[in-house]
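Once you've looked at the hints, dock chain B against the given chain A.
Residue numbers (the working numbering), protein chains in the order written: chain A, 1 to 503; chain B, 1 to 503.
Don't take every hint at face value.
Here are the in silico distance ranges between beta carbons for each label pair [what the hints assert, rightly or not]:
hint	chain 1	residue 1	chain 2	residue 2	range
1	A	E70	B	N396	42 to 48 Å
2	B	D466	A	R164	58 to 64 Å
3	A	P229	B	A226	57 to 63 Å
Because the hints were derived from the structure by calculation, they are not lab data. Every value quoted in this text rests on a predicted model; they were computed, and no experiment measured them. Just so you know, even glycine gets a beta-carbon here, dropped at the ideal spot from N, CA and C.
This is what each chain is made of:
Protein chains: 2
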Amino acid sequence: MNPPAAKHQLRARRLGLDTHAEAVIFLDHDSPVCRAEGFAAHGRVLLTAGKRFVIATLYKTMGDLVAKGEAALSEAAWQRLGLTEGDKIEISHPDPLASMSLVRARVYGHTLASNSFDAIVRDIAQGRYSNLEIAAFLTACAAKPLSSDEVLSLTRAMVNAGERLAWDRDIVVDKHSVGGLPGNRTTPIVVSIVTALGLTMPKTSSRAITSPAGTADTMEVLAPVALDPEAMHRVVEQEGGCIAWGGAVRLSPADDILIRIERALDIDTEGQMIASVLSKKIAAGATHLVLDMPVGETAKVRSQAAAEALSRGLIHVAEAFGIKAHVLVGDGSQPIGRGIGPVLEALDILSVLQNKPDAPDDLRQRGTALAGVLLELSGRAAAGQGVELATETLTNGGAWRKFQRICIAQGGLREPKIAPYREPILARASGRLMRIDNRKLAKLAKLAGAPEAKAAGLELYQRLDDEIRAGEPLCMLYAEAPGELAYALNYAEAQSDIFGISA
Amino acid sequence: MNPPAAKHQLRARRLGLDTHAEAVIFLDHDSPVCRAEGFAAHGRVLLTAGKRFVIATLYKTMGDLVAKGEAALSEAAWQRLGLTEGDKIEISHPDPLASMSLVRARVYGHTLASNSFDAIVRDIAQGRYSNLEIAAFLTACAAKPLSSDEVLSLTRAMVNAGERLAWDRDIVVDKHSVGGLPGNRTTPIVVSIVTALGLTMPKTSSRAITSPAGTADTMEVLAPVALDPEAMHRVVEQEGGCIAWGGAVRLSPADDILIRIERALDIDTEGQMIASVLSKKIAAGATHLVLDMPVGETAKVRSQAAAEALSRGLIHVAEAFGIKAHVLVGDGSQPIGRGIGPVLEALDILSVLQNKPDAPDDLRQRGTALAGVLLELSGRAAAGQGVELATETLTNGGAWRKFQRICIAQGGLREPKIAPYREPILARASGRLMRIDNRKLAKLAKLAGAPEAKAAGLELYQRLDDEIRAGEPLCMLYAEAPGELAYALNYAEAQSDIFGISA
Numbered sequence: 001m002n003p004p005a006a007k008h009q010l011r012a013r014r015l016g017l018d019t020h021a022e023a024v025i026f027l028d029h030d031s032p033v034c035r036a037e038g039f040a041a042h043g044r045v046l047l048t049a050g051k052r053f054v055i056a057t058l059y060k061t062m063g064d065l066v067a068k069g070e071a072a073l074s075e076a077a078w079q080r081l082g083l084t085e086g087d088k089i090e091i092s093h094p095d096p097l098a099s100m101s102l103v104r105a106r107v108y109g110h111t112l113a114s115n116s117f118d119a120i121v122r123d124i125a126q127g128r129y130s131n132l133e134i135a136a137f138l139t140a141c142a143a144k145p146l147s148s149d150e151v152l153s154l155t156r157a158m159v160n161a162g163e164r165l166a167w168d169r170d171i172v173v174d175k176h177s178v179g180g181l182p183g184n185r186t187t188p189i190v191v192s193i194v195t196a197l198g199l200t201m202p203k204t205s206s207r208a209i210t211s212p213a214g215t216a217d218t219m220e221v222l223a224p225v226a227l228d229p230e231a232m233h234r235v236v237e238q239e240g241g242c243i244a245w246g247g248a249v250r251l252s253p254a255d256d257i258l259i260r261i262e263r264a265l266d267i268d269t270e271g272q273m274i275a276s277v278l279s280k281k282i283a284a285g286a287t288h289l290v291l292d293m294p295v296g297e298t299a300k301v302r303s304q305a306a307a308e309a310l311s312r313g314l315i316h317v318a319e320a321f322g323i324k325a326h327v328l329v330g331d332g333s334q335p336i337g338r339g340i341g342p343v344l345e346a347l348d349i350l351s352v353l354q355n356k357p358d359a360p361d362d363l364r365q366r367g368t369a370l371a372g373v374l375l376e377l378s379g380r381a382a383a384g385q386g387v388e389l390a391t392e393t394l395t396n397g398g399a400w401r402k403f404q405r406i407c408i409a410q411g412g413l414r415e416p417k418i419a420p421y422r423e424p425i426l427a428r429a430s431g432r433l434m435r436i437d438n439r440k441l442a443k444l445a446k447l448a449g450a451p452e453a454k455a456a457g458l459e460l461y462q463r464l465d466d467e468i469r470a471g472e473p474l475c476m477l478y479a480e481a482p483g484e485l486a487y488a489l490n491y492a493e494a495q496s497d498i499f500g501i502s503a
Numbered sequence: 001m002n003p004p005a006a007k008h009q010l011r012a013r014r015l016g017l018d019t020h021a022e023a024v025i026f027l028d029h030d031s032p033v034c035r036a037e038g039f040a041a042h043g044r045v046l047l048t049a050g051k052r053f054v055i056a057t058l059y060k061t062m063g064d065l066v067a068k069g070e071a072a073l074s075e076a077a078w079q080r081l082g083l084t085e086g087d088k089i090e091i092s093h094p095d096p097l098a099s100m101s102l103v104r105a106r107v108y109g110h111t112l113a114s115n116s117f118d119a120i121v122r123d124i125a126q127g128r129y130s131n132l133e134i135a136a137f138l139t140a141c142a143a144k145p146l147s148s149d150e151v152l153s154l155t156r157a158m159v160n161a162g163e164r165l166a167w168d169r170d171i172v173v174d175k176h177s178v179g180g181l182p183g184n185r186t187t188p189i190v191v192s193i194v195t196a197l198g199l200t201m202p203k204t205s206s207r208a209i210t211s212p213a214g215t216a217d218t219m220e221v222l223a224p225v226a227l228d229p230e231a232m233h234r235v236v237e238q239e240g241g242c243i244a245w246g247g248a249v250r251l252s253p254a255d256d257i258l259i260r261i262e263r264a265l266d267i268d269t270e271g272q273m274i275a276s277v278l279s280k281k282i283a284a285g286a287t288h289l290v291l292d293m294p295v296g297e298t299a300k301v302r303s304q305a306a307a308e309a310l311s312r313g314l315i316h317v318a319e320a321f322g323i324k325a326h327v328l329v330g331d332g333s334q335p336i337g338r339g340i341g342p343v344l345e346a347l348d349i350l351s352v353l354q355n356k357p358d359a360p361d362d363l364r365q366r367g368t369a370l371a372g373v374l375l376e377l378s379g380r381a382a383a384g385q386g387v388e389l390a391t392e393t394l395t396n397g398g399a400w401r402k403f404q405r406i407c408i409a410q411g412g413l414r415e416p417k418i419a420p421y422r423e424p425i426l427a428r429a430s431g432r433l434m435r436i437d438n439r440k441l442a443k444l445a446k447l448a449g450a451p452e453a454k455a456a457g458l459e460l461y462q463r464l465d466d467e468i469r470a471g472e473p474l475c476m477l478y479a480e481a482p483g484e485l486a487y488a489l490n491y492a493e494a495q496s497d498i499f500g501i502s503a
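If we strip away everything but chain A, and leave its shape as in the complex, we get (with noise of 0.2 Å):
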């Protein structure tokens, strides 16, 4: 009688098959293997490869995609087992994950203590949830919203399953937007100013998962931005600061999971976003920490009121954890800057940092103001000071220099390329801009390529409440490609409300 184990053995395949954090294994229907074990389509199997393993999700394929005694794998799989071409790998029944009946029981109403979030938020962050799961856990969290103790709990799970930053400083000063807004693009901004006044700022920042651009895109146009821990750690010694992908740090990694799904299934909930945008901080080493909230009917948070609760849960949570946190609530019914999309956000930013004449004054402000809140909280400039300091800092030049320094410490200071196609997109009717919808600004600007195609994205030229003549430019479309302007044009023409005039 062989040893089951032997039998099991299976050539790994790799598929590149983008699927998120979830492992995925495609078998043949008729494979000895899936006979022999039982296993279901859609079942989870641990695969296993020397010492590494990963809990993946089986598919079953018929035809000629997988051949018998092949394992083909998604890129989540393939990278986790660390593998190369033809390596073998061994399949069998993952034990029963435990901390799935955790879930089950907050399913059923129960309330989970500490430990719990633990296990959970551990597992996930370690890829042993299918996303079926994980659907399940977030709908549990909102169905019956977390606890004032829960959102504590997954919070600190959150930083527990990943990397911390530590920094040999008292102060450590952070800025999070809780985003919704095209463009709106301070952080490099902010960075500069406080970091030249003296401050602490190691930024992380993500990529963009459904908008047209996250800072870490529109700031690559600038410099590198995948530092690793050791690189981070080296920029901020020299320059005390820096504006790095949060990608290569693995800070809250269970937090990236989590998103994906919660955009998928576009639920959200006040405590997961407590514990998303927290954990991130905490994590990041943060002493002192500002929150730009833009309020508005097309933004994230669509009220005052919302915004107050909001505040509210985020400040009692940063502050059991000792951080600092002051929310700045501002208006979110138009764009900040001009432009949408990582090259046109990219030359709002230079502009404003060389103090250009045609700079955006609102993402200049927008800038200054967060700036000025950290130089208050931490103590660098007295109450009611700090956005002044803030701006003599960018009008001296000081902001400007500093930024530089930092590109060159991240490895070098770019040059952004502008897309070689454009197109404008004017008033059908004369009158006031009454009403700007910034999310099909946003659809617009990743229809025209953005993010991948980096020039690619908008330039507005109209504000709210400007008078617009029949015929003027509202905005310019910029594409790397003449389909993808072709086709963002072609939305723009279908769509009569992305700009609201009123004669």
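Below, chain B alone, put in the same frame as chain A:
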């Protein structure tokens, strides 16, 4: 400027990928259509071929799995679009799924009206929901249990989303077993008895999802079961009953989709179970229904209290739809019959119908008890006389003659083929058999190859309370391949608690 439709034609390719009901499309990540449309991985896209369409989940691939200009499709997407190799399909953004906003409302604590369930269930049945979205719906219905009205609404919605069978009779009897017990294959016995006595019983059954055999798998050993509605009507017209596979008739198709996700999550609720069971029976046109409910530690229903609560719910909803229902609670502490696996269960059925002296008495008793309930419910037997009449119909050969006629009408009576490989599992100690773990026994039969290998499974030699000597066979394992036999034996050796023997 080209119209966008022209750009978004892709060449369809059949991947042969079994994703159950979820339509999935794989595109090269650098495919122009991905960039132009701003399609996000895991996003939902609308696929169109002629007049057919389907909403699919998008995965992006790198490498040479999918060529540019090609759309590789899962089997569900391929079938629903009715494609042949090389056909062109179009891809675009689907309209937002309106009913998902109802699901979100349910997540956030609102009760849903009847027409909301109609919209949700219709979209699920038409494959418009991703598996993630279904997981959110099910979790929301578990986190805030369905109200009594909601269970009625969900049941009605599930009936309306599929086909309905109509029978030109006043009385149409049916039977359902609230599973979890291996063996217990009473359906062919019950149908044969009651139709021999003139009742109408057009029975549809399912194939195994996670068990070693479904009734349809077992019955298929003895006769064809994949009857379309016309064939089913012909057989019932002729013989008064049939034992068919429900999958060919599309009764309550949303149920099949929901059940797979429930199983994957291991989340089930009373309301969902009631709607699942009864929607199929209502759609099948039943007027009188017996529900078999084995209760035991390792059965689906684990306590008398749970059985009573579930029974009340089932009867309440059945009555609301004009069905006279009775729940027969029974012993679920051990399998019923000796065989587990399609062929071995079929042999048990034949031995009962043929009145063999060694026929398993528990199976005969359970079959006649269930038939007796239907005979009394329908008025065919006086109160308290049902079991006697059923037993008489079995012993006088009437049921066996009827069974043969039904099999012939369905396409021919078949001879079960015994598995070529077998090996006993021996008692390790002497003593009394105190406990049988139904779940592990089922797993053992699956590891031996059931239900795909029809002759695989096991035959149980001992019953609870039997006195056993060490070395005596507890059961016989059957397999169609030596590797599978070895694998099952290995599992049996590793598990010490499938059989609990006390000295």
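Failing hints, ascending? Number 1 - this is the single hint that the structure violates.
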